[in-house]
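So the sequence lines, in the order shown, correspond to chains A and B.
Counted the way the working numbering counts, the first sequence spans residues 16 to 130.
Counted the way the working numbering counts, the second sequence spans residues 21 to 137.
Simulated from the structure, these hints should not be mistaken for lab results.
Be careful, since some hints might not be right.
What the hints assert, rightly or not - One-sided and incomplete, this derived list gives chain B residues near chain A with beta-carbon spacing under 7 Å:
1) Leu-63
2) Phe-65
3) Tyr-68
4) Asp-76
5) Gly-105
6) Gly-129
All values derive from a computational prediction rather than experimental measurement.
Where a beta carbon is used, it is the ideal one built from N, C-alpha and C, also for glycine.
Listed below, chain by chain, are the residues.
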Amino acid sequence: AQSVTQLDSQVPVFEEAPVELRCNYSSSVSVYLFWYVQYPNQGLQLLLKYLSGSTLVKGINGFEAEFNKSQTSFHLRKPSVHISDTAEYFCAVPAGGAGSYQLTFGKGTKLSVIP
Amino acid sequence: NAGVMQNPRHLVRRRGQEARLRCSPMKGHSHVYWYRQLPEEGLKFMVYLQKENIIDESGMPKERFSAEFPKEGPSILRIQQVVRGDSAAYFCASSQQGGAFGANVLTFGAGSRLTVL
Chain A
16 AQSVTQLDSQ VPVFEEAPVE LRCNYSSSVS VYLFWYVQYP NQGLQLLLKY
66 LSGSTLVKGI NGFEAEFNKS QTSFHLRKPS VHISDTAEYF CAVPAGGAGS
116 YQLTFGKGTK LSVIP
Chain B
21 NAGVMQNPRH LVRRRGQEAR LRCSPMKGHS HVYWYRQLPE EGLKFMVYLQ
71 KENIIDESGM PKERFSAEFP KEGPSILRIQ QVVRGDSAAY FCASSQQGGA
121 FGANVLTFGA GSRLTVL
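Taking the hints into account, I'd like the entire structure generated from these sequences.
If you want it as structure tokens, here you go:
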């Protein structure tokens, strides 16, 4: 089964600074990759997804992620964070490969933006 | 568009009681998924349902847990004889498309947080 590892459980960053949230996946086959965001007291919403094609994926709210097959990574980046970006971010991959119903989520990274 | 609605948002039960969690999918969505988030863990898949059908329940504990999505009304996740280890956040998600691709692009509800005393 496929899995993802989010290397940082908490990331504090000052407002307007850049941020990178790290995600590594385990797979030797074609893979879909996702980032979801959970704002306080809300459900998860899709931030961006990689299915195929360009390795640089742009999502909502100025976030982007780069699929790196050689390093099996899908790190999430934003050049300048805002207070409203404070949330928990989850990396996810289909559990059984691209054709799987089930998503496997990482444990999440809590991003705290400091004014 | 009200999104995926879950209720109750918070539920407290004593050991041995039953918990019922409800989920109304987004308008136009006929595929429902339940995930569980234990403390300090990522979300874990439990079950995938379409109207009146369980498609994949491979993530459901074998005992005490059941799920349904009737022709009319919300999807229900039912936990009988709850134990402390059932304390978690239960998230429902829905999708418009079925199959693997649709299952990956999910809209989640805000979750139901179950506390077992």
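Taking the hints in turn, this is what the structure says about them:
1. With 7 Å as the threshold, the beta carbon of Leu-63(B) comes within range of chain A, its nearest partner Cβ sitting at about 4 Å, so the hint holds.
2. A cut of 7 Å between beta carbons decides the hint on Phe-65(B): the least distance to chain A is about 4 Å, and the hint holds.
3. Because the closest C-beta pair between Tyr-68(B) and chain A is about 5 Å apart, less than 7 Å, the hint holds.
4. Taking 7 Å as the C-beta contact cut-off toward chain A, the hint placing Asp-76(B) at the interface holds, the least distance being around 5 Å.
5. Below 7 Å, beta-carbon pairs count as interface contacts, and Gly-105(B) has none with chain A, the closest being about 18 Å; its hint is therefore violated.
6. Taking 7 Å as the C-beta cut-off, the interface hint given for Gly-129(B) holds, the closest approach to chain A being about 5 Å.
Comparing the model with each earlier hint shows a violation of hint 5 alone; every other hint is respected.
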